[in-house]
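Single-letter residue listing:
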Amino acid sequence: MAAEQKRVAMTGNEAVAHCMRQIDPDVVAAYPITPQTDIVQYFSTFVSNGQVKTEFVTVESEHSAMSATLGASMAGARAMTATSSQGLALMWEVLHITSSYRAPVVMPVVNRALSGPINIHCDHSDTMGSLTTGWIQLYSESAQEAYDNLIQAVRIAEHPDVLLPVMVCQDGFITSHGIENLNLLPDETVKQFVGEYKPEHYLLDLENPITVGPLALQDYYTEVKYQQAKAMENAKQVILDVAAEYEKISGRKYGFFEAYKLDDAERAIVVLSSTAGTAKAVVDSLRARGEKVGLLKPRVLRPFPAKELVDALSSVQAVAIMDRADTFSTAGGQLFVEIRSALYESDKRPLMKNYILGLGGRDTTTREITKVYSDLAAALEKGRVEELITHLDVRE
Amino acid sequence: MTNLKGYKDIPIGGMITEAGNSEKYKTGDWRSLKPIWNEEGCVHCLMCWVFCPDTAIIVEDGKMKGINYDHCKGCGICARECPRKEKALYMVKEE
Amino acid sequence: MATLKELSRVPEVLAPGHRMCAGCGAPIVVRQVLRAAKAPVAVANATGCLEVSTTIYPYTSWKSPFIHVAFENASASLSGVEAAYQSLKRQGKITDEIKFVAFGGDGGTYDIGLQSLSGAMERGHDMVYVCYDNGAYMNTGIQRSSATPMGADTTTTPVGSVRPGKLGWRKNLTKIMMAHGIPYVAQISPSHWNDLYQKAEKAFAVKGPAFLNAIAPCPRGWRHDSAETVQMTKLAVDTCFWPLFEAVDGKVRVTYKPRQKKPVVEFLKTQGRFRHLFRPENEGLIEQIQAEVDREWEELLALERLSQEQAAE
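Protein chains in written order, with this note's numbering: chain D, 1 to 396; chain E, 1 to 95; chain W, 1 to 313.
Quick caveat, the hints were computed from the structure, so don't treat them as lab data.
Nothing here was measured: the structure is a model prediction, and the numbers come from that model.
From the three backbone atoms N, C-alpha and C, an ideal C-beta is built for every residue, glycine too.
Check the hints yourself; a few may be wrong.
[Said to hold, decoys possible] Rough simulated footprint, nothing fancy, chain E against chain D, three-plus residues with beta-carbon under 8 Å:
no., stretch
1, 98-105
2, 199-211
[Unchecked claim] In silico lysine to aspartate or glutamate, EDC-like type, Cα no more than 16 Å apart, as pairs:
no., chain 1, residue 1, chain 2, residue 2
3, W, 93, D, 196
4, W, 5, E, 61
5, W, 234, W, 201
6, W, 175, W, 249
7, E, 5, D, 219
8, W, 38, W, 201
9, E, 8, D, 161
10, D, 371, D, 284
11, E, 8, D, 233
12, W, 251, W, 294
13, D, 230, E, 9
14, E, 8, D, 219
Isolated chain D (complex conformation):
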């Protein structure tokens, strides 16, 4: 039965900070960066007011934030950090080490464009670049989703079949600083849902001393990496199981993605996070005019739900994949490349087109999204895609 929930007006950052208070991790090591700063500040207040039992380490950089969080996790603590953009980039080296050491660290990431030029606003260049770091990635459209994903992330990360770190992403400023109404679960419900972290091996266990982070060469490196790949594979089922359990306490349903009016859609857009909200409004107005359009909003990018995406998109005739970051490969954005590759397995391949949009916080409005749907209509009429990759809204 769903718990009694409190309706509150909060920013995405505030929701995440409150969620961290409810999770009450043993250790948080974090460094402030725009637009994540509020998370660290709110959490500091909880520490100062004795509202959490957390040992809060005010590190001197994100590299140290990730290193200390990893150290704490290997020591046997439930450990969290949070970051954005350059901070995530500075953590880079340790992101790989964290997933490889199988540390179930959970990290809210507030998506922000990577420099340069320096820019504090949203795009997904930070987390898109970290898709190969071995972290599970959950994306959130709203503060509510960021909150819900964060609670589930703890259970996913710490599941014995998984033991991998999880990033919970939300859009910088748009979600992180926008105030919205959301439902918070009671503290006790969250506490019960996440349970207590009980690692099998940990550094502070003096009875069974372990060596963490040895030099593994040609003879064993491959096996360690394969274990990691298997864990990521296992994460798929665990993500669904945790979502089902979470639905019971929250009444809110989660899967690998949200399919919005996709069942009978001829044309669809695939788009992450907050832009999906704008796109849904466009879907609604086009549907009102009788157009068969739909939307798919991925929630889980790692592990990549390739098979499920194929099932969901196969019956669509034309799909636009929206990437809020460029890869500079000249062959399309990351989401485009991965989804197109997944659809190779399908006999019914839709026409596909890629849009690079929303860089450095540039607004994507209903006008642009409407144009994308009409581009798809034009492509369907011609039976082919004229321009495979379009950088949306670029001035000549």
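Following the hints, complete the assembly by docking chains E and W onto the known chain D.
Quick look at chains E and W alone, frame taken from chain D:
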């Protein structure tokens, strides 16, 4: 690589759960010079023990008991630092 | 004052079978320091010779809990381990007393790891950081570091027709750590094992961060016979190239004053990395090095006098 374990049979994350198991790895064959201990000449000052980089001086009850040839790499520090020199510890060519 | 007989009863934390080079100074430092912990230790290690050679999978030489994360973050990683300990202890989930110690070479400490070391020391974690300073990046093949002495021949400061090895003085890291105002800082040498033991004892005993800087010769990089390792450190101390001192809550005490300070040339001439300094074209360099050693030694003595004067007031 025949005795190597498969991915299911090793702890996750490259973790080593058998503390101090390098003792099973022998470094004694690195030696080109070998320290020889002469018990009669030894005053058990333990200078050899405190300076050994390889934990290869065997001490029991505060007394020098011999050299762990499985691990001694023959660096010669023990003989060099031995105050009794030739009388207690000296280096010879490894056979 | 402990005797070696007593110390020999302390269980070893570093098992044999590690693959440090014969005659390496680092494991001598590790063994001598850990003997003074008086409680179980959890060890963090920066990437470097010590780390790679003691943990070649599936073997580990560490009988204690051990973590290595990367090159520049031993202090940060250990900060997290120590924070976990504080948290779990406060919650009653852990009752053991554990000491926390990080080891890093001069690369992982003076250079790439300086930021995370500074951060950890400033935050006041209850940990001991031990630098084993062998004066270059030995693990990757003897490249210069900011701890490399002036004039040393390394693979990135090779002696050539116009350059006589490393140009410029080494960084004084011990003084940088003193400037952090942490409770305990000391410079140690394995040759003076008793002085080292007493300092390590103090470092482990203080509440809060402590820093130990140990000279740890590398026979390959310094180019001396492997048997001479301890003699090298003795010469470094006796020439005042590596003075032994401590700063307890900022109060400086020189713990060993050579009865007769040896000329630095006694230290330099024993090592292949300085051999070129004795060629006619490099005349004057040794005098410059001597002058710098003298200046630093005098400055240290002055700091000690100042501490004594302040104590007397």
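Now the hints, each set against the structure:
1. 98-105: holds (count 4)
2. 199-211: Check passed, 5 qualifying residues.
3. W:93 x D:196: holds, 11 Å
4. W:5 x E:61: Holds: residue 5 of chain W and residue 61 of chain E sit about 8 Å apart, inside 16 Å.
5. W:234 x W:201: Violated, at roughly 21 Å.
6. W:175 x W:249: holds, 13 Å
7. E:5 x D:219: Holds. Residue 5 of chain E to residue 219 of chain D sits at ~9 Å (cutoff 16 Å).
8. W:38 x W:201: holds, 8 Å
9. E:8 x D:161: Holds, at roughly 13 Å.
10. D:371 x D:284: holds, 15 Å
11. E:8 x D:233: holds, 15 Å
12. W:251 x W:294: violated, 21 Å
13. D:230 x E:9: Roughly 14 Å between the alpha carbons, so the hint for residue 230 of chain D and residue 9 of chain E holds.
14. E:8 x D:219: holds, 15 Å
Checked against the numbered hints above, the structure breaks hints 5, 12 and satisfies the rest.
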